[in-house]
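> The lines below spell out each chain.
2 protein chains.
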Amino acid sequence: MAAFKNIILQSVLNRIFSNKTSAGLRFNFSRFKSDGAVSVKSLLQDHVVGSNVLVKGWVKSLRKQKENTFMHIGDGSAEQIQVIIPSSLCHEDCCFNSAVVVRGKVVQSPKVNQPIEVKAENLEVVGRLDVEGFPFGPRKIYPPEYVRQHIHLRPKTTIYSAILRLSSLITTTLHNTLIQDGFISVSVPILTSNDCEGAGEVFLVRPASEELCREMGNNEKLEESYFNKRVYLTVSGQLHLEAIAGGISKVFTMGPTFRSENSRTRRHLAEFRMLEAEIAFCSDLQPILSTIESLVKQSARSLLEHGKQDLATVGAYYKENLEESLDDLLKKGFSTITYRQALELLLENKNSFNKSPQDGADIGSEHELFLVKHIGGPVFVVDWPAKIKPFYMRTAEDDHSLVSCVDLLVPGVGELCGGSLRENRHSILKKQLEIQSLAETLNWYLDLRRFGGPPTGGFGMGVERLISYLLKIPNVKDIVPFPRTPHHCPM
Amino acid sequence: MAAFKNIILQSVLNRIFSNKTSAGLRFNFSRFKSDGAVSVKSLLQDHVVGSNVLVKGWVKSLRKQKENTFMHIGDGSAEQIQVIIPSSLCHEDCCFNSAVVVRGKVVQSPKVNQPIEVKAENLEVVGRLDVEGFPFGPRKIYPPEYVRQHIHLRPKTTIYSAILRLSSLITTTLHNTLIQDGFISVSVPILTSNDCEGAGEVFLVRPASEELCREMGNNEKLEESYFNKRVYLTVSGQLHLEAIAGGISKVFTMGPTFRSENSRTRRHLAEFRMLEAEIAFCSDLQPILSTIESLVKQSARSLLEHGKQDLATVGAYYKENLEESLDDLLKKGFSTITYRQALELLLENKNSFNKSPQDGADIGSEHELFLVKHIGGPVFVVDWPAKIKPFYMRTAEDDHSLVSCVDLLVPGVGELCGGSLRENRHSILKKQLEIQSLAETLNWYLDLRRFGGPPTGGFGMGVERLISYLLKIPNVKDIVPFPRTPHHCPM
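Top line first, the protein sequences correspond to chains A and B. Position 361 (the first sequence) corresponds to 361 in UniProt numbering; numbering is contiguous. Position 377 (the second sequence) corresponds to 377 in UniProt numbering; numbering is contiguous.
If we strip away everything but chain A, and leave its shape as in the complex, we get (with noise of 0.2 Å):
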């Protein structure tokens, strides 16, 4: 039945990607090109040899002969179209990179590897390129860190637009797919007075203007002025999640989290995105490590399916087979494993290790990827101590040091998601809350329990961190359009 459902799940996932009618007919953009523009590809998908076209894209190669200059230009899809352009039309603006649009006719190209070609009866440079100060240069590969030198113009490369584009796949995947499964996608606020997780870890927020925070608390404090308390930015939506799964059951949220660590790893970002989700009558952790799996699986079949041309660049960027690795992933099944047993393992082991395990304590990044490596392959790790775990997970029935809750390793990565069932027993809850001095900040989400409150459960997922892993790419830094680091927040 599963797989009969990713079937389906599959086809709608090729409409919305594929822009093809069931009947194989194609759309047209018309009417987002009033002046008769065709985007590149919908001109590869629909070439009619000898039709008048006009394209508009940047110039991606660009090679002069005496009489013809061949380019290639690009709109920002994965594909791109040959012009040849008689040298007499072709002027000094017109190079890589600058925006162009060309009218020409279509004709049949004598290559092997794409259908057609243009041949330009006009081009005019529409966007002109300052070579002198531009970063990047034709056919040239630069190392990660100095693109991102230049994160402004990063787009334009080949490689990270292939990344925006297998991201954009990935991130309406996941929404679909759950949509699919009978959630409901929320909003959750971004500015909250809990500062419950993350104490010593969360940003602090208030009007900028100083003026307006005297005129609406005091001079004292002005912090508190416009909210009448601190408030600060979000680490996660899920008790705000949990009160909607009340009266909603099955709801998710993807939106950005922050964090105001000091620290700088290649998977750590101050502001970065999760996607969030709870379950309603969840009992057991089965449901939560099904969706958690049906969700990383699914996004790597809409990969497949849809970004092959961008997988392959970025493969070959990184020097990474992506078309084997996830076919290797939707080979088999997720593991599970229990904290007590990953331990073992990792004692058994910890010769390997810089640090060496803890019993009773997390497990740190290098046992993370051992564990991964060693049992091949993404590993759910469940029921965890009690004491390293926050106070809102459940309880286990039968050993009540620990907590029904699971974190997912990934390959490369390390933890890409946690998750848990909630303790929804009103007596333990308020007692978790009140050895945490939270009774009375957290009041509103103990109530959920005296209302109603079915048995719940939940996992959080890093977005940067499920592409980072299915794309192979080390660096979250490499995956964000903009992100923000300890002393770094450029534009």
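Fair warning: there could be bad hints in the mix.
Since the list gives no way to pick one copy over another, a pair counts as held whenever it fits inside one copy or between any two copies.
[Said to hold, decoys possible] 35 Å max Cα-Cα, derived DSBU-like pairs, lysine-lysine:
| # | residue 1 | residue 2 |
| --- | --- | --- |
| 1 | LYS297 | LYS41 |
| 2 | LYS331 | LYS41 |
| 3 | LYS431 | LYS60 |
| 4 | LYS332 | LYS308 |
| 5 | LYS331 | LYS119 |
| 6 | LYS60 | LYS221 |
| 7 | LYS387 | LYS355 |
| 8 | LYS229 | LYS119 |
| 9 | LYS350 | LYS105 |
| 10 | LYS308 | LYS297 |
| 11 | LYS60 | LYS430 |
| 12 | LYS64 | LYS387 |
| 13 | LYS140 | LYS430 |
| 14 | LYS472 | LYS140 |
| 15 | LYS66 | LYS297 |
| 16 | LYS64 | LYS430 |
| 17 | LYS60 | LYS140 |
Calculated from the structure, these hints are not laboratory results. A quick note: this is a predicted structure, and the numbers were derived from the prediction, not measured.
Using the hints provided, position chain B relative to the given structure of chain A.
Structure of chain B alone, referenced to chain A:
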């Protein structure tokens, strides 16, 4: 062609929302309910009289008779299932809005308006309800102001859960409509060091921990410690989107934006969502107008196709016939008038207003509402005076006192969208930036014009305002799950 395309897109959206295959087969959500529980929606679709079922949900109504108790159970979808329980099985804890698990048999219903019901053999209360403290009673209708006071329990009300489902339908439709039109979904940063548009109305951000601030920066300027500069919450992702459109052509983002205004109206929030899109190679307003119109209409179509029951619920509450108003919206094209024409219309009717319209000034709220009423339906107002619009808008070709921009005004709401062509001429933009003392901060933005920057245009649409318009919900606080306004940020 546009009409044909709508049919295709609609068929894709149908499959996402309906959980049906094209062959009429239905999904089974079994993998999300390992205990064999079935959702109310799929139970009603796949009823097999005589089969055993497990249903989980909240008691939405309860009628006790001598031998049997009749209840409706809902699990977060618009549908409910009638369950008949021998009164001996129905203990005290089972009441309105308690969470229950029912095991029973599907039987034919004697009623015409429901095909089946469930004869319960077992009932378990998995989430008790403290009746004394619960603010909502059965079969009662409360004003929105009252419901809002219990914001964490609001999703449990019939009216608000319908609004949540319809909102999800709308945002999913917006996303997929753009994806199908060849747009790429991207994330733009919430944290930004640009303070351009929102001068004086932005929120400032710093780590809550003063210790961390001192560790990372210096004592005097806590606000500059983490990022080495002042960093704000975004008021618009447009400038960042333009950088991405410089490589990808057609991009959009749907995310939170912030204003620290001290204004308390039914249309304003400190945190709200915007759909923002940018289109490269766009040299007139037409593609912007048609994209906006298509998004609004596609949302209306989805509501009619997939939200009928919830539309009836929301319509009954607000005393509106939503099916009729959405049908009307789909029947006609949006009107387009210039600022000049709008102003003449307003001046002719100046005695109808509290505040007189001013030539060359912005159009006030009451004037906006007059225009849509007078013209009848949504109105694009184009070509505004340059001096009241932001620096990035492109000066009109034929009249340098005007800029090529558009506001979409809609009934009940006023301004729903704002869009424009962007000034892509380097020298003109440079001058504008210098006048506004933004040349240094926005040097990167100017740079986009040096490096193959084609004519570009885009728009922003208030997501809550769109929902408010389509569902005729007067106050945006009744749309957002946790609204943030001056002096108000609970939870």
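> Hint by hint, which ones does this structure get wrong, listed from lowest number up?
5, 6, 8, 9, 12, 15
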